[in-house]
Amino acid sequence: MAVAAPNQTRLKILSSILYLESFTVAELCLHAGLERSMVYRELSELQQQGILKSNSVLVEGETAPAHRPPKRYELSSDPKLREQLEEELGSFLPDFEDPTSNRHLKKAQETLNVLGGELLQVALEPLSDQELHRWEEGVQERFGEADKELKRATWESETDFSEEGASDHPIMAATRLYDGLNARFREQMGAERRRRNSEAVRVRWADIFTSALRAAVPATGMLSFAVHDRLLEDVVNLTKVSAKLSQKIKEQMESRKDLPKMSWELFLPYVASLQLDLREAHSNSELLATLAKHGIEYGNSVTEPLAIVRKLASESDDYRLLFNEANLAQMADQTGEAYDSWIRYLAKRWSGPEVEKLVQPLVARVAAKRWSTEGYREAVREITMQCEASVSALSETPFGQNEGYAIELQLYNPRQDKSGKESALITIAEPLLHNKRLYVSTSAADPAPVLGLPSFACAAWFHGPLDKRKAWELAAKVDPSERIVKVEFFRGASSGSRVRAEKILTSSLSAEMVG
Amino acid sequence: MPDVTWADDSKPIRLFQIGVRLSAHFYDAMAKTASAKTDRSPSHVDELNKRWLMLSGDQTIPEYEERLQKELFPLAGEAVFDHIRVELAKPFHYDQKLVQINQAALDAARRCIKSWGGAKAQRRLKQLKLLPLHLESIDDKHTQFSFERTANRILVRPGLPEILLRECMILEFSLFHEYLSHAFPAWSKDVEPISEGWLFALEFEWFESQYTPDDIDLLTKVWHRRLEQERRSFWAGRWLLKRCKSRECVAKFLLEWVAGWDAIKEDVNLDLLSQLLGMRAKAGHGLGGKASAKLLKTLEILDKVLCEPCQKGSWDVAKMRDQLESVLRLYGGR
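Chains as they are written, first to last, in the working numbering: chain A, 1 to 515; chain E, 1 to 334.
If we strip away everything but chain A, and leave its shape as in the complex, we get (with noise of 0.2 Å):
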């Protein structure tokens, strides 16, 4: 049976009619789209069926313009007259709002996009605590514009949000999006200020540990050895010494008046970490191996580990001792020293197995400027692809998003393990690192620890192209921003392998081959 297509014209009438209630025919046309000429016989017809009422458009008491004044139009109140047009209308009803149109979503919905961006990639460390608290303050300003467009956006809407089913509605996704955001970022600042507060607290036990260790141990300030000989030899001295600076410690903590009674117990981990160990000392060396390790893992001042270090290592065959007196020696500018204490740990360290048969690693240095991740990400792949090889990468500046990781700069534990309880590393603390950083990427699933300041990671991947002074002082010329490419190849590689490792190198990255 063919249907009859429906009258457009009254359609868009009608539907204007019960949009608009009290209209003139100006209006009318204007909300329908329609020509004047169009509209009158239906506005004649629907009020002979008395939907519509009308009268002059001027209020009593106007003056009349030079004309007929138009009429205006009523919409009848009668509910079942309204009922009878909107049934006619059926499924033609004007258009509802396009929600995702709403100019105050679409400014929310811009603004979270940036923020949950911002948050995912950003690194509270590294900023200072004035621009910590500017980033902050910026961002609860973007969240608090995001918060005032949202609820904008919800008053404008003609969703009635209370009811059933409006939980889909975009508003509804992007205030889940905001309270999700808002709490991952709330999330982060309370981990950042937390971590912030124990490094805090990191510092001045720094402080008070280096004060009470001068005030204990005068001797190791003064890098005397004649006098360190003496205390040392004197094995009452041991108990009389961690007496001494338990006691510094407590008058440290007591004479600095900027410290609340209450934060005390903030203290109190380390206290507790440096009193079992001096209870572990039974000789005078474990004590200043304690010392030393203490000094170099919490302390601030690089005098008494180094005088400490150097003390123990005069008295042992431990390769370790001297690559932490190298390592403590730099820190403190005496770079000769360093370099006599380097080629000495060298010599004394275990070499490792014959490696003559084996294709020898290829190191690369590449200038900050010749630097792309993708052209790194590209030679990793052709590498590990091709040649039978793993490649690393280190530098002093962060690698791209998504690329390498930073290490904590470590040095070797002084205290001997005895027990397996110790651990074989020590972080170094960051009041004697000065923000020195170490950024490493690598193909390896589990690589080598790179251990030391930069300047002595760089000189043993150098140490091997190079002889051992020539890599000292190439590690010394390494500017931060470049980055060190080292290609280790697996037994079965052969030298066609390094060959092609090079190539790839020189291609994607202008890397520059050491030795």
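Source of the hints: derived by calculation from the structure; they are not laboratory data.
The beta-carbon is built from N, C-alpha and C at its ideal position, and this holds for glycine as well.
Certain hints may be false.
Cut-off 25 Å, straight-line C-alpha distance, at most; resulting in silico cross-link-like pairs (BS3-like, lysine-lysine) [to be verified]:
hint : chain 1 : residue 1 : chain 2 : residue 2
1    : A       : 71        : E       : 245
2    : A       : 53        : E       : 245
3    : E       : 294       : A       : 80
4    : E       : 221       : A       : 12
5    : A       : 106       : E       : 189
6    : A       : 53        : E       : 242
7    : A       : 468       : A       : 436
8    : A       : 148       : E       : 242
Now the stretches of chain A that chain E is said to cover, found in silico as 3 or more residues with beta-carbon under 8 Å [to be verified]:
hint : segment
9    : 17–26
10   : 30–38
Given the coordinates of chain A, work out where chain E should sit on it, guided by the hints.
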């Protein structure tokens, strides 16, 4: 500074001048023949527009004038067109006519504000002065009007000939809109939903009360496209203007609000704007259905917020914002 300045002498600019002249002669002709006919026939406008569209080619103003006279010649005997043809042969001061139209637009804006505005609007009105017109060409179909706040002038950029004559015929309204929607409000940056929506709705209402149905018809045709961006705001404005039976409260509130805009915190202003738009979206779309208790409550609060302060003649925008926020909470969300 001269009252009218021209950036160039391109074809759209020359056609705009001719369009303004033709409109002026047309209205004069209509006034002359008013005693014979109460309403002009829309066909007169259509007929004139047909002749206007014959103006092809890039010609000088005198050449266009001559061409128009020839195009109107076949309509000889019809008083309206005879009058236009005769007038086209006479000297004409284009700048002077534009200044007259500009002045008429300003006068209309002043009358509207005097009639409907409250104390703040009357005070602000004193700052509303005649603005210079600056004309320049643009490669766009439609004529553009804009109030240049920094230069303190109205920029007119004539569009393509297809609808240019009709645009010239409602030039006074377009300038009236620039005065009332853009120059009058005490803000440093236009708030589009208000200037192009609510105030435009108010201007439309004013125009309806002052001009003939044919003028309104013409205006409707030309402005239909311009409403694209702010159509929702315009209809929300129309709906709001009708909230009060006296039809004065909302008009007065709107004029008072924009006249004191910069004295209120921007966030409060923008919140209220969204709330009122939302009231329209939530409560105004009844479609004849039975009103729920929530809807009735919403309308009751809205009417109270808009109409109650009318007698005093001053509205506390921050208070309105808080009152509306409380009722909008019924609809959930943030």
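Structure-based check of each hint:
1. With a C-alpha separation of about 16 Å, the suggested pair residue 71/A and residue 245/E falls inside the 25 Å cut-off, and the hint holds.
2. This hinted pair checks out: residue 53/A and residue 245/E have alpha carbons roughly 16 Å apart, not beyond 25 Å.
3. Distance restraint check for residue 294/E and residue 80/A: the Cα-Cα separation of roughly 21 Å lies within the 25 Å cut-off, and the hinted pair is therefore satisfied.
4. For the hint pairing residue 221/E with residue 12/A, the CA-to-CA distance comes to about 17 Å; that is within 25 Å, so the pair holds.
5. Among the hinted pairs, residue 106/A with residue 189/E is consistent with the structure: their alpha-carbon atoms are about 20 Å apart, no more than 25 Å.
6. Proximity of residue 53/A to residue 242/E is assessed by CA-CA distance (about 16 Å); at most 25 Å being required, the pair is judged to hold.
7. Only pairs whose Cα atoms come within 25 Å are accepted, and residue 468/A paired with residue 436/A is accepted, the gap being roughly 23 Å.
8. Restraint check: the Cα-Cα separation between residue 148/A and residue 242/E comes to about 29 Å, which exceeds 25 Å; the hinted pair is violated.
9. By the rule of at least three residues with a Cβ nearer than 8 Å to a Cβ of chain E, the coverage given for the segment 17–26 of chain A holds, with 8 such residues.
10. Counting residues of the segment 30–38 of chain A whose C-beta lies closer than 8 Å to any C-beta of chain E gives 4; at least three are required, and the coverage claim holds.
In this structure, the one hint that does not hold is number 8.
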